[in-house]
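Visitor: Dock chain L against chain W, hints included.
2 protein chains.
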Amino acid sequence: MYVWLKSYRGEGEKDIGGRSLVKPVKVGLLGLGTVGTGVVRIVEGNQEDLSSQVGSPIVIEKIAVKNTEKDRVIAVDRAKLTEDPWEVIRHPDIDVIVEVMGGIDQTKEYILEALERGKHIVTANKDLMALHGSEILAKAQEKQCDVFYEASVAGGIPIIRTLIEGFSSDRITRIMGIVNGTTNFILTKMSQEGASYEEVLAEAQALGYAETDPTSDVEGLDAARKMAILGTLGFRTNVELKDVTVKGITSVTREDITYAKRLGYEMKLLGIADRRDDEITISVQPTMVRQNHPIASVNGVFNAVYVHGEAVGETMFYGAGAGELPTATSVVADIVAVIKNLKLGVNGLKAIVPYKQKRLQSDEHIMSKNFILLHVDDKAGVLAQITQIFAEYEVSLASVVQQPNEHNPDAEIIIVTHNASKASMDKVLKHFESLAVIRRIKSVYRVEG
Amino acid sequence: MYVWLKSYRGEGEKDIGGRSLVKPVKVGLLGLGTVGTGVVRIVEGNQEDLSSQVGSPIVIEKIAVKNTEKDRVIAVDRAKLTEDPWEVIRHPDIDVIVEVMGGIDQTKEYILEALERGKHIVTANKDLMALHGSEILAKAQEKQCDVFYEASVAGGIPIIRTLIEGFSSDRITRIMGIVNGTTNFILTKMSQEGASYEEVLAEAQALGYAETDPTSDVEGLDAARKMAILGTLGFRTNVELKDVTVKGITSVTREDITYAKRLGYEMKLLGIADRRDDEITISVQPTMVRQNHPIASVNGVFNAVYVHGEAVGETMFYGAGAGELPTATSVVADIVAVIKNLKLGVNGLKAIVPYKQKRLQSDEHIMSKNFILLHVDDKAGVLAQITQIFAEYEVSLASVVQQPNEHNPDAEIIIVTHNASKASMDKVLKHFESLAVIRRIKSVYRVEG
Chain W
1 MYVWLKSYRG EGEKDIGGRS LVKPVKVGLL GLGTVGTGVV RIVEGNQEDL SSQVGSPIVI
61 EKIAVKNTEK DRVIAVDRAK LTEDPWEVIR HPDIDVIVEV MGGIDQTKEY ILEALERGKH
121 IVTANKDLMA LHGSEILAKA QEKQCDVFYE ASVAGGIPII RTLIEGFSSD RITRIMGIVN
181 GTTNFILTKM SQEGASYEEV LAEAQALGYA ETDPTSDVEG LDAARKMAIL GTLGFRTNVE
241 LKDVTVKGIT SVTREDITYA KRLGYEMKLL GIADRRDDEI TISVQPTMVR QNHPIASVNG
301 VFNAVYVHGE AVGETMFYGA GAGELPTATS VVADIVAVIK NLKLGVNGLK AIVPYKQKRL
361 QSDEHIMSKN FILLHVDDKA GVLAQITQIF AEYEVSLASV VQQPNEHNPD AEIIIVTHNA
421 SKASMDKVLK HFESLAVIRR IKSVYRVEG
Chain L
1 MYVWLKSYRG EGEKDIGGRS LVKPVKVGLL GLGTVGTGVV RIVEGNQEDL SSQVGSPIVI
61 EKIAVKNTEK DRVIAVDRAK LTEDPWEVIR HPDIDVIVEV MGGIDQTKEY ILEALERGKH
121 IVTANKDLMA LHGSEILAKA QEKQCDVFYE ASVAGGIPII RTLIEGFSSD RITRIMGIVN
181 GTTNFILTKM SQEGASYEEV LAEAQALGYA ETDPTSDVEG LDAARKMAIL GTLGFRTNVE
241 LKDVTVKGIT SVTREDITYA KRLGYEMKLL GIADRRDDEI TISVQPTMVR QNHPIASVNG
301 VFNAVYVHGE AVGETMFYGA GAGELPTATS VVADIVAVIK NLKLGVNGLK AIVPYKQKRL
361 QSDEHIMSKN FILLHVDDKA GVLAQITQIF AEYEVSLASV VQQPNEHNPD AEIIIVTHNA
421 SKASMDKVLK HFESLAVIRR IKSVYRVEG
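Chains as they are written, first to last, in UniProt numbering: chain W, 1 to 449; chain L, 1 to 449.
Next up, chain W with everything else stripped away, as it sits in the complex:
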């Protein structure tokens, strides 16, 4: 099927007039929303640079859209549009399917059928890859096809390549990511302007940074899907969405952020994947990050992924996590990679199949520092009682502050623990619930740095 290998090696066939005969590579697009539009812009705008790299023109041959009659922000030949995705998938001249339509079950069906037909896949679909990545990659391997998904995590940051290739030599011990721009925008605004969650969410919606139904972002599900992908690649084991414990930012208050800053922390929604002794744990939660940690100063809609490896030590990768052109940059870089493989006849042969058995850390082994804010009866002996409970479950404390509450007759106790196991912390908190002097467990956050 692929006759390009020779021409790639500089021995291109000529037509009878002596002109070079280089077949263009034809790409089919599923979806022409924000990212799809960016893909068309880059493929057309950077055509000269792209074809210089891959050795032939890249043509977007067919585009599946919901409505072919809709007005578009870019000029697209109407003849290329279709409302039937199958027409793109079954198109005989198309070698690369770019999936930027989103969706899960139906989209999976399209992609599996495309693979069945020997077409290579580039997708920006984190939901699909987090939920069905292993099935899709298995089918790709069977059919010797590429499936690339750089754009599915952290938009324009080439973090997937970095984990697969840049750190192939190392053993990753930690991946810590701000991988959701919407929630980082909200937390940054709350921190910088002292605004409430509700106010900033409304602003983010007005700016188009948050969806009308923001659940997937603010409840941490979007971040969890991305962390499942990063965990799989970083730890070379099959991390599933159900392995990720998730807590969103909806209950983060102005007060929490004020306390965080006063203690020298910034509040961030962090995805954290940890490995110790070949046991792993992956979670997403609002986290107080020490201000001097490189990830603490990642603000607004920007994303960043901090990676720690046994050999390489601390690294961090920063950039736009979403948006038309940044995300399309990753999609088109994947198209370039597929085409280079096509020309060399090696598609599907470099796939990384997770080869390690997955062992999740038990609650006894999951360690973190913690911030706890308690409202308690303002009377003698309460602090002693509370610190005694921490001692009982062997949680040692880094700092304890008791102060009157500004708004009511209770006292506040602010505690930061040293590293403690999740099991112990759960026991402490359970014990607190039955303790009469504690009026309210106001907040509990993970602490990093």
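Check the hints yourself; a few may be wrong.
Unchecked claim - Calculated lysine to aspartate or glutamate pairs in the EDC-like style (CA-CA distance at most 16 Å, straight line):
(1) L:K358 with L:E433
(2) W:K358 with L:D49
(3) L:K358 with W:E113
(4) W:K143 with W:D105
(5) W:K356 with L:D84
(6) W:K430 with W:D363
(7) L:K356 with W:D71
(8) W:K23 with W:D77
(9) W:K356 with L:D277
(10) L:K66 with L:D84
(11) L:K356 with W:E61
These are calculated hints, taken from the structure and not from any lab test. Just so we're clear, the structure is a prediction, and the values are computed from it rather than from any experiment.
Guide: Just chain L now, with coordinates in the frame of chain W:
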């Protein structure tokens, strides 16, 4: 020569007992200093992970050292050591030569001969690649061999892969790097502790962060070589060392850093590669960077490379720029890449040959903001005279402060310009030299952000 292709596809040959027969890949090492030691540690320590990825064991077969009798920090089989690099290069079973010995002319000869013999090269040698990269890569292409050099720039940060693959789709407009850890350590200490250049240099030498002869680092030459490599990859044109204008940090004073901080800047030795309208310019110089720019908070021996692309926007890559294991991480990742190509039979076929004609910006087109500190006669009309000269050469000013000097009877004038061409700035400074009221042009720095 390579019979692995089949086994890589899962159809490995068996011996008569039915056991899988996987030939190990043999690697030859030139040099066993800091990085070489790290390479041995990682190849041995991560052998299981590495062979899972490439499908066969990786064996370091032969190591060229200066003195085979020297005590080593790691246990190495003496039989593998040789004092004759040619023995490694001519070894018939070795497919991959890892060059971590440094040096230029003699080393180039070794590498060209190894390529001539069809061996693939992994090198950490920025000097060699900056000076002779195009010759070496041309020979590699001729012989269909890989030459990978991720470790030559920014140690453990996979910035070369990122520029070649991650941003293959984009047009890079700017690369701005802290690519020399020694000078960043010195400037950070000067900034944080108010110490002098000489004091901190002595400390850096004591800590092993600076060489006994620190010239190559502190004069900016090391950074310039790395920027030539990054410029070549980012702009896809052949940037040579002579295209990089260089100024080191030896004349940076405590006073300069104090002024920088007072104005909201950090002093950094920045490599800056800019592209506008397909004209490029590359320089290395101490630069005042606005404190809120992501690169301003990169401290100590850490490196960072900030990349701006037309589509992807702002990105930054941060990590250890030197050191045994971080640098070895990149070397071994390159070994993995070579071996994967070996197994697929595609070595040397993905090489990026710079395909754009190089056009350097003229001094009229090189734009930057500038900081100028002048010592002037403390009398009426001086400021007017000076600002008149800026106006004459069409350099507009962002801020001007005149104040008495604490230590002598002169006045100080501190000027920050808006973007101005290098040509105009040179004329202004030349004019200043002939102006009687200016006692001294105390400092001139580029300003970013």
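Visitor: Mind listing which of the numbered hints don't hold for this structure, in increasing order?
Guide: Numbers 1, 3, 4, 5, 7, 8, 9 and 11 - these are the hints that the structure violates, sorted from lowest upward.
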